[in-house]
Amino acid sequence: MKKLGYSLFAALCLSSAVKAQTVDYQYLTVAGYLNFYLLNINACQDYHPEVRQQAYDAEKQLYPWLTKLEQKLKGADADNKILSDVVQKRREALNLQISEGDFTLDHCKAIVKLLTGDGLDQAMLKSLN
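Counted from 1, the sequence shown has number 74 at position 74 by the numbering used here; the numbering is strictly sequential.
Hint data in this document are derived by calculation from the structure and do not stem from the laboratory. Ideal Cβ positions, reconstructed from N, Cα and C, are used throughout, including at glycine. Some clues are possibly wrong.
When the alpha-carbon atoms are kept at most 20 Å apart in a straight line, the in silico EDC-like pairs for lysine to aspartate or glutamate are as follows [said to hold, decoys possible]:
(1) LYS113 / GLU100
(2) LYS60 / ASP102
(3) LYS68 / GLU50
(4) LYS126 / GLU70
(5) LYS72 / ASP121
(6) LYS113 / GLU70
(7) LYS109 / GLU70
(8) LYS72 / ASP57
(9) LYS68 / ASP102
(10) LYS74 / ASP57
(11) LYS89 / ASP102
(12) LYS113 / GLU50
(13) LYS113 / ASP24
(14) LYS74 / ASP85
(15) LYS89 / GLU100
(16) LYS126 / ASP46
(17) LYS109 / ASP46
(18) LYS60 / ASP121
(19) LYS60 / GLU70
(20) LYS81 / GLU92
Label pairs and their in silico Cβ distance ranges [to be verified]:
(21) LEU66 / GLY117: 32 to 38 Å
(22) GLY117 / LEU39: 18 to 24 Å
(23) TYR47 / TYR25: 17 to 23 Å
(24) GLN97 / THR29: 17 to 23 Å
(25) PRO49 / TYR25: 36 to 42 Å
Could you put together the complete structure from these sequences and hints?
Spelled out as structure tokens, the structure:
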């Protein structure tokens, strides 16, 4: 009976750890998703003055989600180092895109349209609700 009890306890502990890792992974995925748009929209404001005001307006669409994410991350045991690495890699990719001249006005218009018209992927954001 003790073996069964230990087995059940071990299974419970392992399933809790897997669930926690899954939740943390979901938050890290959402953080990467939102930061992609935040980095891009900020670069649009800096590099393409033609869409600067629209980019400022579009950026406002991100703040409610970023606030929700911040609240969820406070309650989770998410690894801030991993989150920082994700954001840094996205920043490096964007900087490379800018340096190669591939950060176009059309790219910015598409980001603005997505944030203000089409909207963010609700399936991606469902873990924040």
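Tested hints:
Of the supplied pair hints, the one linking LYS113 and GLU100 is violated, its CA atoms being roughly 24 Å apart against a limit of 20 Å. Restraint check: the Cα-Cα separation between LYS60 and ASP102 comes to about 25 Å, which exceeds 20 Å; the hinted pair is violated. As the CA atoms of LYS68 and GLU50 are separated by approximately 31 Å, the hinted pair breaks the 20 Å bound. Only pairs whose Cα atoms come within 20 Å are accepted, and LYS126 paired with GLU70 is accepted, the gap being roughly 15 Å.
This hinted pair checks out: LYS72 and ASP121 have alpha carbons roughly 18 Å apart, not beyond 20 Å. Between LYS113 and GLU70 the alpha-carbon distance is near 25 Å, which puts this suggested pair outside the 20 Å criterion. Distance hint between LYS109 and GLU70 is unfulfilled; the C-alpha atoms sit about 27 Å from each other, more than 20 Å. Distance check on the hinted pair: LYS72 and ASP57 sit about 25 Å apart at the alpha-carbon level, beyond 20 Å; violated.
Restraint check for LYS68 and ASP102: not satisfied, since their Cα atoms lie roughly 32 Å apart, outside the 20 Å limit. Of the pairs offered as hints, the one joining LYS74 and ASP57 is violated, with about 27 Å between alpha carbons and a cut-off of 20 Å exceeded. Only pairs whose Cα atoms come within 20 Å are accepted, and LYS89 paired with ASP102 is accepted, the gap being roughly 17 Å. A distance of roughly 14 Å separates the Cα atoms of LYS113 and GLU50; the hinted pair therefore holds under the 20 Å criterion.
The suggested pairing of LYS113 with ASP24 is violated, with an alpha-carbon distance near 30 Å, which exceeds 20 Å. Restraint check: the Cα-Cα separation between LYS74 and ASP85 comes to about 18 Å, which is no more than 20 Å; the hinted pair holds. Restraint check: the Cα-Cα separation between LYS89 and GLU100 comes to about 17 Å, which is no more than 20 Å; the hinted pair holds. With a C-alpha separation of about 31 Å, the suggested pairing of LYS126 with ASP46 is violated against the 20 Å cut-off.
Distance restraint check for LYS109 and ASP46: the Cα-Cα separation of roughly 14 Å lies within the 20 Å cut-off, and the hinted pair is therefore satisfied. Taking the CA atoms of LYS60 and ASP121, the gap is about 16 Å. The hint holds against a cut of 20 Å. Restraint check: the Cα-Cα separation between LYS60 and GLU70 comes to about 16 Å, which is no more than 20 Å; the hinted pair holds. Of the supplied pair hints, the one linking LYS81 and GLU92 holds, its CA atoms being roughly 16 Å apart against a limit of 20 Å.
Checked against the given bound of 32 to 38 Å, the beta carbons of LEU66 and GLY117, roughly 20 Å apart, lie outside it. Remark: the range hint 18 to 24 Å for GLY117 to LEU39 is upheld by a beta-carbon distance near 20 Å. For TYR47 paired with TYR25, a C-beta distance near 32 Å fails the hint of 17 to 23 Å. Between GLN97 and THR29, the C-beta spacing of about 21 Å keeps the proposed range 17 to 23 Å intact.
Between PRO49 and TYR25, the C-beta spacing of about 38 Å keeps the proposed range 36 to 42 Å intact.
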